[in-house]
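Peer 1: Whole structure, please, built from the sequences with the hints as guidance.
The primary structure of each chain is shown beneath.
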Amino acid sequence: MQQAIAPPPNGAVAKPGAMALTSPQPAPTPWPVMTAPPPDIRSDLVALLPRLRRFALTLTRNGPDADDLVQATCTRALERAHQWAPETNLAAWTYTMARNLWISDRRRASTRMGAGQVDAAEAGLMAPHGPADALRGSQLMDQIMALPEGFATTLLLVSVEGHSYAEAAAVLDIPIGTVMSRMAGARKKLRAALTQEEAGL
Amino acid sequence: MTNPVTEQDALQTRISAYIDGALPPQEAEAFEAEAAANPEVAAELDAMLAVEAELTAAFDDLLDTPVPEALEQGIMAEQTPAPSPAPAAANANQPPQRNWPALATAACALLAVGVAGGYGLGLSNRAAPEVHREYVEVVKAPGWKAQVADYHRIYAAQTRHLVEVPATEKDHIETWLTATIGAPVRVPDLSGAGYTFEGARLLVAAGKPVFQLVFTDANGGVIALCGLKGGGNDAPAPQEFGDLTMIGWQNAETDFVLVGPAETDLIPLAETLATSL
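Sequence lines, in order, name chains A and B.
Just so you know, we're using our numbering here: the first sequence kicks off at 1 and counts up by one.
Just so you know, we're using our numbering here: the second sequence kicks off at 1001 and counts up by one.
Please keep in mind that the hints were generated in silico from the structure rather than gathered at the bench.
There could be a bad hint or two in this list.
[Claimed, not checked] Some chain A residues judged to face chain B by a derived CB distance under 7 Å, without partners named:
no. : residue
1   : 43
2   : 74
3   : 156
4   : 160
[Stated by the list, open to error] Restricting the straight-line Cα-Cα distance to at most 20 Å, the calculated cross-link-like pairs of lysine to any residue (SDA-like) are:
no. : chain 1 : residue 1 : chain 2 : residue 2
5   : B       : 1170      : B       : 1217
6   : A       : 188       : A       : 177
7   : B       : 1229      : B       : 1207
8   : B       : 1208      : B       : 1143
9   : A       : 189       : B       : 1012
10  : A       : 188       : B       : 1047
11  : B       : 1229      : B       : 1143
12  : A       : 188       : B       : 1045
13  : A       : 188       : A       : 147
14  : A       : 188       : B       : 1011
15  : B       : 1229      : B       : 1276
16  : A       : 189       : B       : 1053
17  : A       : 189       : B       : 1007
18  : A       : 189       : A       : 149
19  : A       : 188       : B       : 1049
20  : B       : 1170      : B       : 1160
21  : B       : 1208      : B       : 1070
22  : A       : 188       : B       : 1012
23  : A       : 188       : B       : 1022
24  : A       : 188       : B       : 1009
25  : A       : 189       : B       : 1018
26  : A       : 189       : B       : 1057
27  : A       : 189       : B       : 1047
28  : A       : 188       : B       : 1021
29  : A       : 188       : B       : 1019
30  : A       : 189       : B       : 1003
31  : A       : 188       : B       : 1014
32  : A       : 188       : B       : 1004
33  : A       : 189       : A       : 138
34  : A       : 189       : B       : 1006
35  : A       : 189       : B       : 1013
36  : A       : 189       : B       : 1050
37  : B       : 1208      : B       : 1230
38  : A       : 189       : B       : 1045
39  : B       : 1229      : B       : 1175
40  : B       : 1170      : B       : 1192
Every residue gets a Cβ at the ideal spot worked out from N, C-alpha and C, and that includes glycine.
Peer 2: Shown next as structure tokens:
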């Protein structure tokens, strides 16, 4: 009977931490590798995709760009998986990356400005919907996407995903006061739009 | 002198911060007292909460858009950045293959932990070559099915995003997966056995596209019929995968596996499927 899991004589075996999520026993540590193996974030990343796409859409406000951004974000996240601290929020970490990528992409790509924006429905990013309520939903989404830049993203983080102002400010790299004023501004605009819509019906 | 527009604007700013729990406790209490005393303030709060509910619903609708399969595959096929030395198993088992999915490595590790457990934590003191031989055996036996098992463990827990394409698009699922797999894919009707078709996903295992048709039972238990282009004469045979049961078989063009929780008796269903598909 061996008493403890000793490191194997050399490192040439499958990485123990690779599937820590589903592994029935904690991976043996310490492990004789030069650097800690990067956490395998692939399955978590796949599970995060619907939310990451939604987040990206609020940044790009058009479907094709959103998917390009998600692609780029995932690639970078996998490259940098070793920098991710497993006890921290993977969503916030990838959101920050997506936001930074988008900002630098925007700076680089002022040449593509002529492309124009496509609304979410046209871009095929809206869920297929039935007639009544869902239509209202998509109209509201159009209004959300038509808010000044950055508002939709802030709204998503705080209203929908329940991040605090401080967390949203960190992801977006803006002051907390800006988060607060964007939230108020977005809500006022949407409130006015919905009131108008009701009055118009 | 008060300007009603500015006043409403200021009220809405306060309400917004209140909704987000961003008012200091004293101010929040003061606001609540004001809302209780002043119907106009209360009405404005209600209106803004209604906006909140609508916008949350609108954002949630966006989550129902199917994720392009290329994105998922791209991630799952990606090698982890600093891969450990390739396990001998992967190489011994497969001719040189550039993108042996790292998932296989993961499956190895996972199964190895199980095996190690079975051998009384026997990794210790074992010479490396012996360890390798074990890996070879472990990997050879299940092959692509081990990867399907991994997928099942991950996706079966995704109750809200169980599938990529919902059951309502059954016709599309059949054409799409038939075209992608390169062998006919048909969605069987398992309602007689108490299973509801939920939809489908495309997986990648052993470098090949694999279809996954997902069904749930009345208790929310998730089973999946998966398959890839292949073919042979194997009759349904069960394989235990720890927490999962897998029954594999073949027909002329396809290798199938039916996967579900370990406690489920899937053999009768697999036998029915083997004759009907």
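Peer 1: So which of those numbered hints doesn't the model satisfy?
Peer 2: The structure breaks none of the hints.
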